[in-house]
Amino acid sequence: MNSSPPPANSANGDTTNNVVNGQDLNLNFLDKIRLAATRNAKEDEGEDLPTELNTINSAGGFLVVSPDKLSVKYTNTNLHGHDVGVVQANKPAPIKCLTYYFEIFVKDSGIKGQIAIGFTKESFKMRRQPGWEVNSCGYHGDDGFLYRGQGKGEPFGPKYTKDDTVGGGINYASQEFFFTKNGAIVGKIPKDIRGHLFPTVAVHSQNEEVLVNFGKKKFAFDIKGYEALERNKQQMAIEKLSTPPNIGYGLVKTYLLHYGYEETLNAFNLATQTTVPPIHIDQENAIDEDDSSYALKQRKNFRQLVRNGEIDTALAELRNLYPQIVQDDKSVVCFLLHCQKFIELVRVGKLEEGVKYGRLELAKFVGLTGFQDIVEDCFALLVYEKPEESSVGYFLEDSQRELVADAVNAAILSTNPNKKDVQRSCHLQSHLEKLLRQLTVCCLERRSLNGDQGETFRLHHVLNNNR
Amino acid sequence: MDPRQFEHTVVDDNDIHSIVMSYLLHNCFNETADSLASCTGVKQPAIDRDNLERRKQIIHFILERKALKAVELTEQLAQDLLEKNKDLHFDLLCLHFVDRVCAGNCTEALEFAQTRLAPFGKVPKYVEKLEDAMALLAYEDPEKSPMFHLLSSEYRQQVADNLNRTILEHTNHPSYTPMERIIQQVTVVRQYLTEENGKDAFPPFSLKDSLKG
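Note that the protein sequences, when read in sequence, are chains A and B. Using the UniProt record's numbering, read the first sequence as starting at 1 and increasing by one per residue. Using the UniProt record's numbering, read the second sequence as starting at 1 and increasing by one per residue.
For reference, chain A alone in the conformation it holds in the complex (with noise of 0.2 Å):
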């Protein structure tokens, strides 16, 4: 986690180039066109999820993994705490989820029940009873205690034994380990154990056999709807929140203000007026409206112009009105329009043209780092015949005009001589999407600060799974 300020900001007035922030979030621009090539690609891999018993390094000798791998038997005649017999699964428990969980089958207690289920590192001693050891938990079936790495449990739960199924679970929100036996929760406790664990199996005297279920069989206990109660907690807590009235109101006016989008706005003030009372909005909750109008004609206009491909016309009239904007011909606002004219010309066949073009204005930001994949793609458009088709071919959509056009009125945004520096560069973005930035970046932090466990935050699910 990068814990160190933002550099500070340029104290002079200078109006030629963006500030340090401004351009930090520029770049954003050319971020939000690697993330339109990566829209396509697949979900995160899935974890590797446990699937049966490691008969490599279970303690061989005491006990007897069967040949499916789902079932254990000790074999030994025990005399001493150091001849457990205890079998981890092949792989630890996923974390990238909400839970967790498996379940064993008592299916002989054989002369003392000494069974045990529990979860284990990777490094845990083979031969002594998962809880018995620090960093291993486990409930035990000859006294119902919970063992978590001291050689006295506590009191926990019910004994169990032949015919009994017991599940052993993680959940991963609230950070605990949870047991159930024959579908009822039985208790939780605190995990206060880091890293990969593994699920584990123990059996200490003599007939002892126990099968495991992994998943493949249904869960006597039910853990999709624990799952549910577990979301719906959360869910609860946020649902509860009251938001300030009017809030959306005020992000939808300074969001069309921001992009320009007169003739929406215009429709929204008129729907507004009638619907929506002159809004009082209280001090504590307004949202900074004044400065957001700044040459909006202008704005809606050089969008129309690149929505329309007229990248040419655009240019000229950015050196006439704002020439500011495009002194720098490195800066991020440049590179889009040459890109984009670039691209133009490989819409209508002029590949020659757009070579020749792709020569003189985007050559010079091979060199330059953050550029140069962008480059590199936008060049390979030249290679198909069917561009769209390709692997690029998000170069060509319309978005990709959208994205263009919104960087210029980010531009032309900053140049707005009523702001100072701080307060133009922070108008690059609306207001809208600072907020859904923050809640991706405080979802991403919250996970990463539980070690990175959890479901992964997915801002698409927020806004479909909306109820």
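Everything labelled a hint here was simulated from the structure, so no lab data went into it. All figures in this text were calculated on a predicted structure; none of them were measured in a lab. The C-beta atom is built at its ideal place from N, Cα and C for all residues, glycine as well. Wrong hints could be hidden among the right ones.
[Claimed, not checked] Lysine-lysine pairs mimicking DSSO-like chemistry, simulated, CA-CA at most 27 Å apart:
hint : chain 1 : residue 1 : chain 2 : residue 2
1    : A       : Lys434    : B       : Lys125
2    : A       : Lys121    : A       : Lys240
3    : B       : Lys86     : A       : Lys240
4    : A       : Lys240    : B       : Lys125
5    : B       : Lys86     : A       : Lys434
6    : B       : Lys199    : A       : Lys191
7    : B       : Lys125    : A       : Lys297
8    : A       : Lys162    : A       : Lys188
9    : A       : Lys364    : A       : Lys330
10   : B       : Lys199    : A       : Lys240
[To be verified] The following label-pair restraints were derived from C-beta to C-beta distances:
hint : chain 1 : residue 1 : chain 2 : residue 2 : range
11   : B       : Asp141    : A       : Asp398    : 54 to 60 Å
12   : A       : Gly451    : B       : Pro124    : 47 to 53 Å
13   : A       : Glu352    : B       : Ala201    : 56 to 62 Å
14   : A       : His461    : B       : Asn105    : 50 to 56 Å
15   : A       : Leu270    : B       : Asp141    : 29 to 35 Å
16   : B       : Pro203    : A       : Glu376    : 39 to 45 Å
17   : A       : Glu239    : B       : Pro124    : 23 to 29 Å
18   : A       : Glu263    : B       : Ala138    : 46 to 52 Å
[To be verified] Quick partial rundown of chain A residues pointing at chain B, CB under 7 Å, derived from the structure:
hint : residue
19   : Leu35
20   : Leu241
21   : Thr243
22   : Tyr255
23   : Leu396
24   : Asp398
25   : Glu433
26   : Cys442
Chain A is already provided as a structure; the job is to place chain B on it using the hints.
Positioned in the frame of chain A, the structure of chain B alone reads:
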């Protein structure tokens, strides 16, 4: 403002546009939604147009001080909705009463109160509001009474909003917009971060501050 890795997170523009779109459709700003669709090239989601048109009408009636018409339309849309949401029904009827008082029609208002509002008076939780509303009759200029908030457009907006959500829920649509959920979620997650890691690491969250500058 909380910088951290803020700068390196990229948000999909489509998500931003669709959040605004869903807000517009939730609040029945369909012309604005049409305009936005052509401005951004973002398609409108397939929604129940009939449902939207009805809700729009109902909301307008409330804001135009025609609460009874709103009730009538609601009953047409879903017969048992108001039965199942008595609080809301009461608020709507109260609004009509207030409308009549404002129009200077005190006799009609009184008659209405006696026939339609009185039954609610049997239930303790409505009594206070009922008494507040009735008290308006005592004032020559209701605007100057302590209960002036009942006459305000903000209050009317609130009731309209409530009815809008109830209709959406009743007709199996989401009753809250993604935009609201986002705002709530940011606030909650920030609270968790502060609780779990202390105020030094994560200063208490202020929506206002995060939206300024």
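Hint check:
Among the hinted pairs, Lys434(A) with Lys125(B) is inconsistent with the structure: their alpha-carbon atoms are about 42 Å apart, more than 27 Å. For the hint linking Lys121(A) to Lys240(A), the alpha-carbon distance of about 39 Å lies beyond 27 Å, and the restraint is violated. For the suggested pair Lys86(B) and Lys240(A), the alpha carbons sit about 21 Å apart, so the restraint of at most 27 Å is met. With a C-alpha separation of about 21 Å, the suggested pairing of Lys240(A) with Lys125(B) holds against the 27 Å cut-off.
A distance of roughly 40 Å separates the Cα atoms of Lys86(B) and Lys434(A); the hinted pair therefore is violated under the 27 Å criterion. Our distance criterion of 27 Å between C-alpha atoms is met by Lys199(B) and Lys191(A), whose separation comes to about 24 Å. Only pairs whose Cα atoms come within 27 Å are accepted, and Lys125(B) paired with Lys297(A) is rejected, the gap being roughly 53 Å. For the suggested pair Lys162(A) and Lys188(A), the alpha carbons sit about 23 Å apart, so the restraint of at most 27 Å is met.
Taken as a hint, the Lys364(A) and Lys330(A) pair is honoured in the structure, with Cα atoms around 8 Å apart against an allowance of 27 Å. Simply put, Lys199(B) and Lys240(A) have alpha-carbon atoms about 23 Å apart, close enough for the 27 Å limit, and the pair holds. Restraint check, Asp141(B) to Asp398(A): a C-beta distance of roughly 57 Å satisfies the suggested window 54 to 60 Å. Checked against the hint of 47 to 53 Å, the pair Gly451(A) and Pro124(B) passes, with Cβ atoms roughly 51 Å apart.
Checked against the given bound of 56 to 62 Å, the beta carbons of Glu352(A) and Ala201(B), roughly 58 Å apart, stay inside it. Separation of His461(A) from Asn105(B) is about 52 Å and conforms to the stated range, judged on CB atoms against 50 to 56 Å. With their beta carbons about 32 Å apart, Leu270(A) and Asp141(B) fall inside the hinted range of 29 to 35 Å. The beta-carbon spacing between Pro203(B) and Glu376(A), approximately 42 Å, falls within the hinted interval of 39 to 45 Å.
In this structure the supplied range 23 to 29 Å holds for Glu239(A) paired with Pro124(B), their Cβ-Cβ distance being about 27 Å. The hinted range of 46 to 52 Å is satisfied by Glu263(A) and Ala138(B), whose Cβ atoms lie roughly 49 Å apart. Interface hint status for Leu35(A): upheld, as the beta-carbon distance to the closest one in chain B is roughly 5 Å, under 7 Å. Using the Cβ-Cβ criterion of 7 Å, the hint placing Leu241(A) at the interface with chain B is satisfied: the shortest such distance is roughly 4 Å.
Taken as an interface hint, Thr243(A) checks out: its beta carbon lies about 5 Å from the nearest beta carbon of chain B, inside 7 Å. A cut of 7 Å between beta carbons decides the hint on Tyr255(A): the least distance to chain B is about 6 Å, and the hint holds. For Leu396(A), the shortest C-beta to C-beta distance to chain B is roughly 14 Å, which exceeds 7 Å, and the interface hint is violated. The closest approach between the C-beta of Asp398(A) and any C-beta of chain B is roughly 5 Å, which is under the 7 Å cut-off, so the hint is satisfied.
With a least beta-carbon distance of about 5 Å to chain B, the hint placing Glu433(A) at the interface is held under the 7 Å criterion. Checking Cys442(A) against chain B by beta carbon gives a least distance of about 4 Å; that is within 7 Å, so the hint holds.
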